[in-house]
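Please take these sequences and the hints and turn them into a complete structure.
Here's the letter readout for the chains.
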Amino acid sequence: MEREREITLVVNGAARRVRVPGRRLLSDCLRHDLGLTGTHVGCEHGVCGCCTVLLDGEPVRSCLTFAVTVDGSEITTVEGLAGADGMSAVQRAFAECHGLQCGFCTPGFLCTVTALLRDNPAPTDEEVADGISGNLCRCTGYQNIVKAVHRAAELIAEET
Amino acid sequence: MTTRLFGEPVQRREDPRLLTGGGRYLDDLGSGALAAAFVRSPHAHARVRDVDVSAALDVDGLVAIYTWEDLPERVGRPLPLLIPHPALTHGRTAYPLARDVVRHVGEPVVMVVARDRYLAEDACALIEVDYEPLKPVVGIEEAVQGAQLVHEDVPGNVGAHLVQEVPNEAGRSAREAIEASPHTLSFRLDIERSASMPLEGRGVYARWDGSDLRVYTSTQTSTSVRMAVAAALRLPLPHVEVIAPDVGGGFGVKIVHPWPEEILVPWAAMRLGQEVKWTEDRREHFISSAHERGQVQHVRVGFDDDGVVNGLDVTILHDHGAYTPYGIIVPIITSTQLLGPYRIGAYRVEFSAVYTNTVQVTPYRGAGRPQAVFCMERTMDKIARYLGKDRTEVRAANFIRPDEFPYDQGLIFQDGRPLIYDSGDYPEMLRMLKELIGWDDFEPGRHRGIGIGCYVEGTGVGPYEGGHVQITSDGRVHVSTGLTSQGQGHETVFAQIAATELGVPIERISVVTGDTRRFGYAVGTFASRAAVMSGNAIALACRKVREKALRIAADALEADPADLEIADGLVHVVGTPTASIPLSTVAVLANPLRYAFDEEAAKATQFSGISSPDKPPVAEGDEPGLEGRDYYSPIRSTFAAGMHAAIVETDPLTAAIKVLRYAVVHDCGRLINPMIVEGQIHGGVAQGIGGALYERMVYDGHGQLLNASFMDFLMPYVTEIPHIETAHLETPSPLNPLGIKGAGEAGVIPVSAVIAGAIEDAEGIEIDRMPISPSELFDLRNLAPDSRPIT
Amino acid sequence: MKPPPFEHHAPRDLGEALDVLAEVGPRGKVLAGGQSLIPMLNMRLAAPEHLVDINRVESLATLDLAPEGVTVGALARHAQVERLAGHPLLRQALRLVAHPVIRNRGTVVGSLVHADPAAELPAVLALLGGSVRLARLDAAEGVVSREVTAADFFVGSMESAVQPGELAVSAYFPTPPERSGTAFREVARRHGDYALAGVCAVVTLDDDLRITAARVACVSVGPVPVVVDVGGLCERRPASSVDWAGVARAVREVTEPDDDIHASAAYRLHLVGVLAERALKDAARDAAGPWGSSSAGT
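Residue numbers (this note's numbering), protein chains in the order written: chain A, 1 to 160; chain B, 1001 to 1791; chain C, 2001 to 2298.
Calculated directly from the structure, the hints in this document are not laboratory data. Just so it is clear, CB atoms sit at the ideal spot from N, CA and C, and this is done for glycine as well. Treat the hints with care, as some may be off.
Claimed, not checked - In the BS3-like style, the derived pairs of lysine-lysine whose C-alpha atoms are separated by at most 30 Å in a straight line are: (1) K1615(B) with K1544(B); (2) K1544(B) with K1603(B); (3) K1658(B) with K2281(C); (4) K1603(B) with K1658(B); (5) K147(A) with K1603(B).
Unchecked claim - Label-pair ranges, simulated between beta-carbon atoms: (6) G2025(C) with A1055(B): 21 to 31 Å; (7) G83(A) with G1445(B): 45 to 55 Å; (8) A2085(C) with K1658(B): 29 to 39 Å; (9) G83(A) with G1210(B): 42 to 52 Å; (10) R3(A) with R1024(B): 30 to 40 Å.
Put into structure tokens, the structure is as follows:
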């Protein structure tokens, strides 16, 4: 029987205790132990970016992180991006600009872009491209995603 | 509030769910299910001598291990050959688990079920399979030589061979017409393998309650999976339901069915009496799902001084991989769609579909058309180059004229019906494209070039789709259709159609796709057919419901149905807005009741005085309820078209290739939602750029796939995709009530041809093989040291 | 694609970490950022019995910038080092390492220990003549450490000088001399991919803007970073009159790239010369500028 460890993750603001073996990937822990299936798994080798979540505010690949390593950390997933008054500016901009089709890569983009715009509220085209350059999308051709990032920046600027 | 939503860029109704983590993809379901994993062949070709599972038996959490020997007869049979064709004389499909011989790396040999996927993989790693390696057949050339055989009983590795000939108006064959032409050219073209590669792999989750089986699968056709599963598991059809949940992209690979796992997972769930789920991982997707594109083409063309083609003779060698479950649809499409927007004097096309010890080949977005367009458009470029003419001029000289529709190409298309183009305006499209990209103003320079590609795409193939529309007594409209969705926005466009047809606000309309509990008859989502097929079926169903609603409302309002219209969910007499009745009430009245389950329902009960005592409450031939079902079954496909152009720049030293501009003119008939159509085009072009410059499946001589990961299979990121400029032409299809044509595959089709033409223009080097990498361009430069730009 | 089972150790301080490493020896692997190790585990290409997770050893999360160089602790993430002003070449190189999200987690020292011949950071360490500090627990002497220079650290493709039981605790990247400029040029198939070939360069000028020293380190053209001193070939000339073709030739002569699925050896060989010239010119321009404009790209 594999040894398990009890860890605590503060996910979307709520402390969650869970027992996991050392090899449990954070992606699987979020999805299957905590039931937060909004974080998707597209490659499990860190290239596609579908599993990107915010770890203490910074976007990371949850498929390249063991849950035990981040015991005690704060994690934000796509389920935690919307506020009490509805979808975040980034989420609304993606809808408005048709920045998603099948939606599978979308949670990873949303987490990445949320952090990108927090650190750089008015990015240039090049900064947007660099910022989302580690996320694959097979549906949209990215054009509307780039548009959505700029639109989200506008919305955030208008609303603050 | 307007309900005339057809043609409007309505925001997608699926988005709030998908943006907040509320999507439900296959692996999001069945949290308590057992997990399946597979031992897959590490050899491209081998005899399975023995399977030793003893070491795996100690794995904690192991539930079951199955080999082919464990499967009952119906389950262990070879998978179905989905689309038989007389020319496919040697069709072969795989067993769900390998029986005796494995024919590609990745073929499933042993199925393991365990408490979770980690443990299932642990068990897989401990199972020892004794293989006797056989010599593999890799690559088209090796297959054609036939020295080694993929299937012992398929001589020469040829699964299918088909010749189609269309003589010219004078009755001359293509070969005769070519010989009689003033100019001829012959050359060889190569296109390499790629794959659909949706970001969500395949997956199956099954629940068995002792009498009913429910299967969730990440598929492009739930209805057909249902029939296949019922047949294989010997279950009565009404006891099997199949649901496609949210699907994370398909692009063709998920139209194939039943995949081994779609039979094995439900079978294991029944046998074990527990829920079982299999979620494909990325490595599995590379080596055990399908690929496409690999072809070698030998072309001979005869033409006159104006570049008008007199005869075209194409011989295609099509790499079909190890099996042909989807028949020979891909090479048939290449053979027929090769003609594009052109009237070719006489045409001969021959293909051989050959087996190799590689992953099977089935349609990937575009489905044989990218190869076809590469062939025809390279041919046009070569003619122009030979004659010293502008490339657009040669194309224009061969276009079918707008007054020639319907235009019969004289071939049989992939739906078994004549290849007759319904409508189009190719000269206008070319004019628009030249203006958009600035073709006439482009100044060629060393290392900067422009390219063009034109195509015609048969979309909306039959046999049929259906739609069901129900208006309930709360005024809500429930639309369902059997085909499935993988991100195309069907919940939105079908709702737009229903809103427009019924005069109901879109907020009150919901759409369900791909759920056999809601709609059992369907074909599936492929061949850019969903909007054409289900869109029209839903429109027809809406019209039935509308007619019934007007009839009932006319009775209630004591008006003539012809004087009624529906707006904002209200039926009213034209010109008399006060004389109206909400659809919710019409729905109540449509269903004569004995019991008043709520206040509204009381209106339809037997003492309400609503029904005439002289007639039966439900008239003969009528049905209770305000609902309707209808089907759309077209006589043949409708033909969309497009033209793309690109400007590329190459680095004189590093041979890096950069797409500076990319322009698209597209005609898919009437647009239902321009925002969604543009999104489809963007995504298609991006996949096309991937196929032209980045993606390929690299097999070594042993049949090992060397780049089975996203590290080495180079799907483009945002940084590799240029801005795409689009313009639309709308030539309505005369074949269907809505006048629409399909748009799903369009973007990807001509991209390799366009980019090859642009690089050729920039470099002065003929580009006859795609994709092309900087390293390959460097090699070509070295082979042609005196290369000069073509002017 | 799930990792095989292993025993997870989460030491709280360096002593504990070294203690565990000494005990598990060759059966153990160190986990820092995990951006290279975890993919290998998920693909089951590696199956260590023990994983020594150093993410809780806060004393390793250090970043010391001194005039003579930067010392990067084993837990310093790429992104932190990238934000560090004062060592332009590290920043130039880090911007070419994968993608921002990977850099949030991946560590500089981990990348050095991984010793991928296509990676940027080993080349930077080699170019600058930096070093890596390795520590281990000795039964008799307690914690002992040794400093291994870049030349000795990269032993082969994916092979560093770290021995079982040892932990790479920090890396030292010297600051280039006064009036020096640096640049990193590479060609990758996609933005963020490992380079098909790459060159980082450091060029030092005299007061008359003549090149007094010039070195390059090349990526993806041999099992370890290939360092070439081209100072002599620059003949104390200003950048505008150096025989760059000769320099490129000299670089090509000492590199031995291989074919792979993305590029032929001949192409890589050609590229490394082109990139050497571009990187050296950029570095010379950087050195001439008052504040060093530092560039990276293709």
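Taking the hints in turn, this is what the structure says about them:
1. Distance check on the hinted pair: K1615(B) and K1544(B) sit about 22 Å apart at the alpha-carbon level, within 30 Å; holds.
2. The hinted pair formed by K1544(B) and K1603(B) meets the criterion: a straight-line CA distance of about 23 Å does not exceed 30 Å.
3. With a CA separation close to 23 Å, the supplied pair K1658(B) and K2281(C) stays within the 30 Å bound.
4. About 69 Å separates the Cα atoms of K1603(B) and K1658(B), which puts this hinted pair outside 30 Å; it is violated.
5. For the given pair, K147(A) sits about 52 Å from K1603(B) by alpha-carbon distance, which is inconsistent with the 30 Å threshold.
6. Distance hint check for G2025(C) and A1055(B): the Cβ-Cβ separation is about 26 Å, which falls inside the suggested range of 21 to 31 Å.
7. Distance hint check for G83(A) and G1445(B): the Cβ-Cβ separation is about 53 Å, which falls inside the suggested range of 45 to 55 Å.
8. A beta carbon spacing of about 31 Å between A2085(C) and K1658(B) agrees with the range 29 to 39 Å that was offered as a hint.
9. For the hinted restraint 42 to 52 Å between G83(A) and G1210(B), the CB-CB distance of approximately 46 Å keeps it satisfied.
10. Distance hint for R3(A) and R1024(B): a CB-CB separation of about 33 Å, consistent with the stated range 30 to 40 Å.
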